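Just so you know, the sequences run in chain order V and W.
Numbered per this note's numbering, the first sequence spans residues 1 to 114.
Numbered per this note's numbering, the second sequence spans residues 1 to 111.
Just so you know, the hints here were simulated from the structure itself, not pulled from any lab data.
Note that this is a predicted model, so its numbers are computed, not measured.
Any given hint could turn out to be false.
What the hints assert, rightly or not - Listed below are several chain W residues computed to face chain V (Cβ distance under 8 Å; list not exhaustive):
1) GLY43
2) LEU48
3) LYS49
4) THR51
5) PHE89
6) ASN93
7) GLN94
8) ALA98
9) LEU99
10) LYS103
11) GLY104
As the list claims (entries may be wrong) - Footprint (simulated), chain W over chain V, 3 or more residues, beta carbon under 8 Å:
12) 36–45
13) 104–112
Glycine included, C-beta positions come from ideal geometry on N, C-alpha and C.
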Amino acid sequence: DAGVIQSPRHEVTEMGQEVTLRCKPISGHNSLFWYRQTMMRGLELLIYFNNNVPIDDSGMPEDRFSAKMPNASFSTLKIQPSEPRDSAVYFCASSVAGAGNTIYFGEGSWLTVV
Amino acid sequence: GDSVTQMEGPVTLSEEAFLTINCTYTATGYPSLFWYVQYPGEGLQLLLKATKADDKGSNKGFEATYRKETTSFHLEKGSVQVSDSAVYFCARNQAGTALIFGKGTTLSVSS
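Turn these sequences into a full structure, and let the hints guide you.
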């Protein structure tokens, strides 16, 4: 079975450039999450969607970050303009909505902004 | 606010040693509790979970029991292997919320 699919796996970009990270959740899952992982701050929830609707975006760092989920099988996280402090691993995850249900993670997009 | 606190690492053990990684949580109500594991260069994988008080989650020799009275979900394994070297994350969620993670504990097992 296909898991959560993220692209790109690795990206190196220059400061000021736009970065778009993509995610395909597991088929049948109706909750989608974007997390960011850094050494300093650990795993932070950026935003999550239920049935394609953003539920909680309080973790989005600032206006440079935006996320969309145009349909049940696709989501994007965009950073514009990017800054060196955005360098991190960005994880997408999905689940069937419900407190005890397992959340499945993709392998992450490793972003370096120079 | 609601949070998850787990012991600071790194934890360094010899093969076949006993492992405990402490985890406590704060939450309103009764959350579900999880342990995830992250191997180098990979995403997080569910290791085990418990959805109500006194439940014990277990997998691959690891165990954790949901203790409501102490708001804890400590991870244990009786005999660790080199292949268990990874970062372990405790997490909780409740209906209508996303997973909230602890900061992670790095385990290093040497032969």
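Against the structure, the hints come out as follows:
Taking 8 Å as the C-beta cut-off, the interface hint given for GLY43 (chain W) holds, the closest approach to chain V being about 4 Å. For LEU48 (chain W), the shortest C-beta to C-beta distance to chain V is roughly 10 Å, which exceeds 8 Å, and the interface hint is violated. A distance limit of 8 Å between C-beta atoms decides the matter here; for LYS49 (chain W) the minimum to chain V is near 7 Å, and the interface restraint holds. With a cut of 8 Å, the hint placing THR51 (chain W) at the interface with chain V holds, because the nearest CB-to-CB distance is about 4 Å.
At its closest, the beta carbon of PHE89 (chain W) sits 7 Å from a beta carbon of chain V; the interface hint therefore holds under the 8 Å criterion. This hint holds: ASN93 (chain W) has a C-beta 6 Å from the nearest C-beta of chain V, less than the 8 Å allowed. At its closest, the beta carbon of GLN94 (chain W) sits 5 Å from a beta carbon of chain V; the interface hint therefore holds under the 8 Å criterion. With a least beta-carbon distance of about 5 Å to chain V, the hint placing ALA98 (chain W) at the interface is held under the 8 Å criterion.
Annotation: LEU99 (chain W) was flagged as interfacial toward chain V, and the flag holds, the nearest CB pair being 5 Å apart, inside 8 Å. Interface hint at LYS103 (chain W): satisfied, since its Cβ lies 4 Å from the closest Cβ of chain V, which is below the 8 Å cut-off. Annotation: interface hint on GLY104 (chain W) holds; nearest CB of chain V at approximately 6 Å, less than 8 Å. Only residues whose C-beta sits within less than 8 Å of a C-beta in chain W count toward coverage, and the region 36–45 of chain V has 3 of them, enough to reach three; the restraint holds.
A count of 5 residues in the region 104–112 of chain V with a Cβ less than 8 Å from any Cβ of chain W is obtained; the coverage claim is therefore met, three being the minimum.
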